[in-house]
Structures are given as structure tokens and as C-alpha cells.
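> Spelled out, the chains give:
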Amino acid sequence: NAGVTQTPKFQVLKTGQSMTLQCAQDMNHEYMSWYRQDPGMGLRLIHYSVGAGITDQGEVPNGYNVSRSTTEDFPLRLLSAAPSQTSVYFCASSPLVESRGETQYFGPGTRLLVL
Amino acid sequence: AQTVTQSQPEMSVQEAETVTLSCTYDTSESDYYLFWYKQPPSRQMILVIRQEAYKQQNATENRFSVNFQKAAKSFSLKISDSQLGDAAMYFCAYRSTTMNRDDKIIFGKGTRLHILP
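Residue numbers (the working numbering), protein chains in the order written: chain S, 107 to 221; chain Z, 135 to 251.
Chain Z with its partners taken away, still in its complex shape:
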């Protein structure tokens, strides 16, 4: 069974600085998707960025980028120029591409990010 591990329950970063949130996963599959979601105090789940495992190029969305290391099964999120609005809980998630009924989307336990003014 696939698992997703976020080893940092909480992190803090100074406004305008860069922070990296770590995520590791375990799977026997060769093709899959990885996601980072943001959950602000409103509890709304917001997709930040996604990565397809068969693509070697790291995904980037404005100030958000990932470092995808497939062999190491690592998928970290880098936030550049941190802003107060980035303060939230961040979840890493895994989704298989296997086209059968075992289509589970697995989440890590989350990392709470604090932005210090």
C-alpha cells in the first residue's frame, strides 16, 4: 500500500524568505501523480502544484516549485518570497494512475507553515 510521510509537523519562515517543505512516499508503482495542497484557516483545500511521475522536469507555479526525486521517492515543496498569505497547513498527496477500482488518493499528515512578519 502506498504511504505519504511529511516529517515536519510545523515550520516557520520569515516573510520574503524561502522555505522548503518535505514529503516522502512509498510505492511500488512506476507512474503516479503527486500533489501539494494548501489549507488556510478557512479549511478550504486548494491545489498548489502537481507533478506527474513520468515527467523528469520539476513543476513550477509562480513562487511555488517542487524538487521531485523519483529514485529517492521525495517530493519537496519550495516556496520563494514567502508572503503572509502563505500561512496555512500544507498537505502532500499521492494518486495512482492505475486504471482500476483501487484509485485511492493518499494524503500525508500535513505541515503547518507559519510566516513571521
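So here's chain S without its partners, still in its complex pose:
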């Protein structure tokens, strides 16, 4: 099992550019989520999904879109990058339903710099 994979590891964007952060998991987890981590702010939930075709907004969804067409993939789209979106982005997955005590499995993170 590869676990949770994220690509790219590092990206530099110019203001106004768009891009997609990829996230995939091979553990057949229903729950997937995206967080951003900023100094002194902890991990803040951007969007999450409890299954294919279902997505919901988290704490800081503005400027980001997600879709969940398959169980395995949960891409995060930046429509028009802004310097405020400079951050480290983590994707995570876990079982749902009866296994809510299970830990989330985190990807290695994507470091994004918006100039």
C-alpha cells in the first residue's frame, strides 16, 4: 500500500494562476479531507468528503474547489491563486462509519508558494 500520496511536493505560482493539488489513497477509505497548515494556526480544514460524489466545506473553503468522482482521488483546485494561499497543504483519509476512532492517514504535504 502506498497510503496517501500527494503531488506535487512543492509548487510556485504567480498570483491569478490556477492549479490542482492531487491526492490519492489506496486504502479504500470513505473519508478524505484537505487541510492547510500555517504558522501559529494549526491545521485548518478546507474541504472534506464522506464518499464519492459527496463534498462539504470546512473552516476555510474560500478560493478552493474539490470534487470526489472516485473513492481513491480527492483533488483540490485553486481557481485564482492569491498570496494568502501560500501554505503547506495536507490531504488525509480515514475510514468512516463504524471506524471513526481510526486515525487519519496523512499525505506528505504540498508546499505552495504564491508570488
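Mixed in with the good hints there might be a few duds.
[Unchecked claim] One-sided and incomplete, this derived list gives chain S residues near chain Z with beta-carbon spacing under 10 Å:
#1 Val166
#2 Gly169
#3 Phe196
#4 Ser200
#5 Phe212
#6 Leu221
These are calculated hints, taken from the structure and not from any lab test.
Glycine included, every Cβ here is placed at the ideal spot set by N, Cα and C.
Here the structure of chain S is known, so what remains is to put chain Z in place on it, guided by the hints.
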């Protein structure tokens, strides 16, 4: 909405000593899960310990243990015999057991732990 508060942005402890990291949370639910995660400089998120709210017994994992006070909504992490490898950012997290779409996992802002040799 649930919230998780870690009031200590940074802490230091002498190697081999014991340190306690605090975490408080706010929820109206009676059943939930609480977690402590460790994030070393590699940025990898590692589960340290978990606690189910309906279990009164405090969870323990080797040198790591929690003091879970449900009425006070407190969930502190105790690290015994601190080692240099324990230096990291520690996050407290909350997860509801409610089986609906509102399945958010909420993190605190973290406590950076320094281990002094």
C-alpha cells in the same frame, strides 16, 4: 460547533523529565474521539494516542499517556522520560462519532515541544 484549544504555543523540557501538554475542547456531544498527533520537522503527521469519550480509563501508549477529564472537557498529554526524538509539534484533535455528513475532524493550533539535552 466544536473547538479545540491548545493554550501553550511552546514548551521545553529537560531530557528524561516528564512534561504535560494541555488541550481543552468544547462540544455539546456526549460521545466523540480525541487524538494527539505528533509532527516532527519532516512534517509527517503521526498518531500518538487516542481516547474514546465513553471510556473512563485514560489511554496509555508506552511513555505517552493522557489525562481525560470529560466534565472539564480537558485532554492533556503526558510524556514521561522525554527523549530528544520527542521534539516536535503536537496537535490535539477532536472527531465526532455522529454518523452523518458533518464528520469534521478539528485540530488545535499546536504546541511546539523542545527537548533540552
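> Next step is simple, just say for each hint if it's right about the structure.
Results of checking the hints against the structure:
1. Interface restraint check: Val166 (chain S) against chain Z, minimum CB-CB distance 12 Å, threshold 10 Å, status violated.
2. Annotation: Gly169 (chain S) was flagged as interfacial toward chain Z, and the flag is violated, the nearest CB pair being 19 Å apart, outside 10 Å.
3. The closest approach between the C-beta of Phe196 (chain S) and any C-beta of chain Z is roughly 7 Å, which is under the 10 Å cut-off, so the hint is satisfied.
4. Proximity of Ser200 (chain S) to chain Z holds as hinted, the smallest CB-CB distance being about 8 Å (cut-off 10 Å).
5. Because the smallest distance between the Cβ of Phe212 (chain S) and any Cβ of chain Z comes to about 4 Å, under 10 Å, the interface hint for this residue holds.
6. The closest approach between the C-beta of Leu221 (chain S) and any C-beta of chain Z is roughly 22 Å, which is over the 10 Å cut-off, so the hint fails.
This entry does not satisfy hints 1, 2 and 6, going by the numbered hints stated previously.
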